[in-house]
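Note that the protein sequences, when read in sequence, are chains A and B. When the letters of the first sequence are read in order and numbered with the numbering used here, they come out as residues 1 to 424. When the letters of the second sequence are read in order and numbered with the numbering used here, they come out as residues 1001 to 1424.
Think of the hints as simulated: they come from the structure by calculation, not from any bench. Check before you lean on any hint, since a few could be wrong.
A few chain A positions that, by computed beta-carbon distances, are all more than 10 Å from chain B [said to hold, decoys possible]:
| hint | residue |
| --- | --- |
| 1 | Asn27 |
| 2 | Thr57 |
| 3 | Ile59 |
| 4 | Asp111 |
| 5 | Glu112 |
| 6 | Ala154 |
| 7 | Arg217 |
| 8 | Ala244 |
| 9 | Arg307 |
| 10 | Thr346 |
Covered by chain B, per the in silico footprint, the following chain A stretches (three or more residues, Cβ under 8 Å) [unchecked claim]:
| hint | stretch |
| --- | --- |
| 11 | 196 to 208 |
| 12 | 249 to 258 |
Label pairs and their in silico Cβ distance ranges [what the hints assert, rightly or not]:
| hint | chain 1 | residue 1 | chain 2 | residue 2 | range |
| --- | --- | --- | --- | --- | --- |
| 13 | A | Ala317 | B | Gly1353 | 25 to 31 Å |
| 14 | B | Lys1073 | A | Asn278 | 52 to 58 Å |
| 15 | B | Ala1154 | A | Glu219 | 41 to 47 Å |
| 16 | A | Thr328 | B | His1274 | 25 to 31 Å |
C-beta atoms are modelled at their ideal positions from N, C-alpha and C, and glycine is treated no differently.
Protein chains: 2
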Amino acid sequence: MKASNLPVDEARLWSDLMALAEITDPNKPYTRRSFTPLFLEGRAWLKQRFENAGLATRIDAGGNLIGRRPGAKPGNGTIVIGSHSDTVPSGGRFDGTAGVLAALEVARSLDERGHVLDHDLEVIDCLAEEVSAFGISCVGSRAIAGSLTDEMLAHVGPGGEQVADALRRVGGDPDRLAQAKRSDIAAYLELHIEQGPVLETEIVDLGIVETIAGITRLELTVAGRADHAGTTPMHLRRDALVAAAAIMSALRDLALEMSDRSEGYFVATIGEMHVEPNAANVIAGSVRLIVDARAERRLTMEHFVARLRERMPDVAAQNGAELTAITTLSDVLPAQGDAALCNALTEAADALGLTHRRMASGAGHDAVHFSRIAPAAMVFTPCRGGRSHCPEEWAEPGELAAGAAAMLGAILAIDRGAAKNGRD
Amino acid sequence: MKASNLPVDEARLWSDLMALAEITDPNKPYTRRSFTPLFLEGRAWLKQRFENAGLATRIDAGGNLIGRRPGAKPGNGTIVIGSHSDTVPSGGRFDGTAGVLAALEVARSLDERGHVLDHDLEVIDCLAEEVSAFGISCVGSRAIAGSLTDEMLAHVGPGGEQVADALRRVGGDPDRLAQAKRSDIAAYLELHIEQGPVLETEIVDLGIVETIAGITRLELTVAGRADHAGTTPMHLRRDALVAAAAIMSALRDLALEMSDRSEGYFVATIGEMHVEPNAANVIAGSVRLIVDARAERRLTMEHFVARLRERMPDVAAQNGAELTAITTLSDVLPAQGDAALCNALTEAADALGLTHRRMASGAGHDAVHFSRIAPAAMVFTPCRGGRSHCPEEWAEPGELAAGAAAMLGAILAIDRGAAKNGRD
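Isolated chain A (complex conformation) (with noise of 0.2 Å):
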């Protein structure tokens, strides 16, 4: 990283991300799930932080924090920026604060060289981004987007409260979601963590994302037979572990080949699997593996899927089971970084003397909702390892505020309408 006289204030960013990790489960650092009263309280020191810095905050219907500077030219539609201040259980420091706090010092930064912008700017704390204990994430960009729907309001979590009913409780309206839904925003902006390591091993300073990647999770249920492990022969068994094992190797095989395409990011990956009976002394009758796959490119998950439903059963059956059944958890179509914004970020870095690169992101973020309805991109900075959702996650005060800076100047930028708007 070349920048060192960045037009934000680093030590401040740094300060505010640190004030804000300490509201924390002290048992489980660093905790502060969504709808909870520690949740709650990082809101109000967030609230506290916004006026301080001269926003107008208020919550949505959705139960988003918003804090508002107004523009010179109403008319010109908001600039919205930020990202989440919710937790996973024992998670980082950085993961969606970062970009909330980022957004923060963007505004003060403008307040501070008294620089009002044609557009309104709005710094925002999206409600919930992390799966909560109600099953389901984005909540409050889901809201903004139109997209929050009575199915989800009727999750139920902790001691059976619905997730309309926790909307409530943190300040949000269930009953105006309408209300939530936006039609004004010109643009969103958001710095997030990258959460893999590709900016590290590189050594570049940011990433510029041009598309997150869509999200399919299929359950493979692969059916053998329970029998005694020490009075069967090995010849005479139908081992459902066997042919999973198999079916994880072919797996692995087909997304290493689907990555080394050409096509655009793809991973997939089995990390949970469920045995049964799970006994040392049984052969494994049945196994269920989750499929969790990301793609740049809406084609090439197809072409994944497909080739999975042509390939898998076949192992499964050479390797004496059956693969029972293939079922769909859920399917999440990619979205794109808007061009004009991506472009407005690349300029920015570069005027900044930062090293850049085009990227897909494979985790979801609030981005993806704001982008069915406006123009959105993100900014990626470096962590360490990749690691994230942990207490080890961790980024550099000085990669944070070259996020923020580069975001910063995206702003002017889009501001003063050098950044074509992709949706023009």
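Given the structure of chain A, go ahead and fit chain B onto it with the hints provided.
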């Protein structure tokens, strides 16, 4: 099966089996775990049946229920026949009980013919053959063999009770365990359902067990790195589950190779595994695999373990992870059936017109412990689909009666000295 007019009462044996099976947890048929009130209820029923057959009953210091029929020449030693009446949770109606009740039927048949053996005859219900809630198997037969250790007696079960106290509760005497140890046993015979598919598949009436396989259990620990499944490119992963899958396939291949040699019975199974963190969106950071291997010959087992230790670290490394530990959880030597007793069973089967084959038992049995102190052999009868330790466990009345008849024929031969004692 050609036998039609067997020297035992098939209907009476079957009726006993079905009656004992009724003494079960009604919500989890068929459950009568050792040391429980239901087990004691089953024992009380058995004691009555033993006494009705003219047997003098007692419970020895090892908690075994013994019914004795004195012989004409007390110095000749004791012929012991039996098995166990305890079950696994949700087990079957035949595993163990078939051996106890077939032994009772043999004693009744002798009684009805007025045939007094030269040897004393004992029918035995060995205590707690199955792994109980105390985490230990073959409590009673270990006591008879003198191998129930103080460490085993100190095992703790439900409510913090020790094995020693549980043993007292069922009528045993842990302070006088030496009294349970036997040196007078001239022969031990045990009938058991095969618990495997060989006899049914080959359409053979009886299995004469030459060897009870040794059992070695190993735990393999595979270490990778628990990264984000969405953001970690395929070529930067250290996926413990991908490596574990390769190990499972290689282990199956090795087991097939070992079992295809002409070195006696061999099987190896991974039926139990633990994945961390086992979440769909996280690459597996570590996997533990439990290997259960059974070998008729000790050299085969040693060869298998050596090959596993030699090969598997490379398999893990070639798949991007590390095999950090191979731990021996348990290691039991094979037990040999007595040659003279096996011949006596063979000749008895021939005389009855029953088909038979020599075989190894892949499962452990009370006979393992008797074989350490006396000539011992087992006779296996077919069961449906090899199913056992489940409510579907099934054998036909005639199959069990054929086994009992062969045991009776062998006892008569042993008693008249026609079967040369393998220890002479």
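Hints versus structure:
1. Taking the minimum C-beta to C-beta distance to chain B, about 19 Å, the non-interface status of A/Asn27 holds against the 10 Å cut.
2. Against the 10 Å criterion, A/Thr57 stays outside the reach of chain B, whose nearest CB is about 32 Å from its own CB.
3. Even its closest Cβ contact with chain B, about 29 Å, leaves A/Ile59 beyond 10 Å, as expected for a residue assigned away from the interface.
4. With a least beta-carbon separation of about 34 Å from chain B, A/Asp111 lies farther than 10 Å from that chain, consistent with its non-interface assignment.
5. Under the 10 Å C-beta cut-off, the non-interface status given to A/Glu112 relative to chain B holds; the minimum distance is some 34 Å.
6. Listed as a non-interface residue, A/Ala154 keeps its Cβ farther than 10 Å from every Cβ of chain B; the least gap is roughly 23 Å.
7. Listed as outside the interface, A/Arg217 is inconsistent with that label: its C-beta sits roughly 6 Å from the nearest C-beta of chain B, within the 10 Å cut-off.
8. At the 10 Å boundary, the C-beta of A/Ala244 falls inside the reach of chain B, the nearest C-beta of that chain being 8 Å off.
9. With a least beta-carbon separation of about 15 Å from chain B, A/Arg307 lies farther than 10 Å from that chain, consistent with its non-interface assignment.
10. No Cβ of chain B comes within 10 Å of the Cβ of A/Thr346; the nearest lies about 21 Å off, and the non-interface call holds.
11. With 4 residues carrying a beta carbon less than 8 Å from a beta carbon of chain B, the stretch 196 to 208 of chain A meets the three-residue requirement, and the given coverage holds.
12. Counting residues of the stretch 249 to 258 of chain A whose C-beta lies closer than 8 Å to any C-beta of chain B gives 4; at least three are required, and the coverage claim holds.
13. Judged by the Cβ atoms, the range 25 to 31 Å given for A/Ala317 and B/Gly1353 is violated: they are separated by roughly 42 Å.
14. With their beta carbons about 53 Å apart, B/Lys1073 and A/Asn278 fall inside the hinted range of 52 to 58 Å.
15. Distance hint for B/Ala1154 and A/Glu219: a CB-CB separation of about 45 Å, consistent with the stated range 41 to 47 Å.
16. Look at A/Thr328 against B/His1274: about 27 Å separates their beta carbons, and that is inside 25 to 31 Å.
Going through the hint list in order, the structure does not satisfy hints 7, 8, 13.
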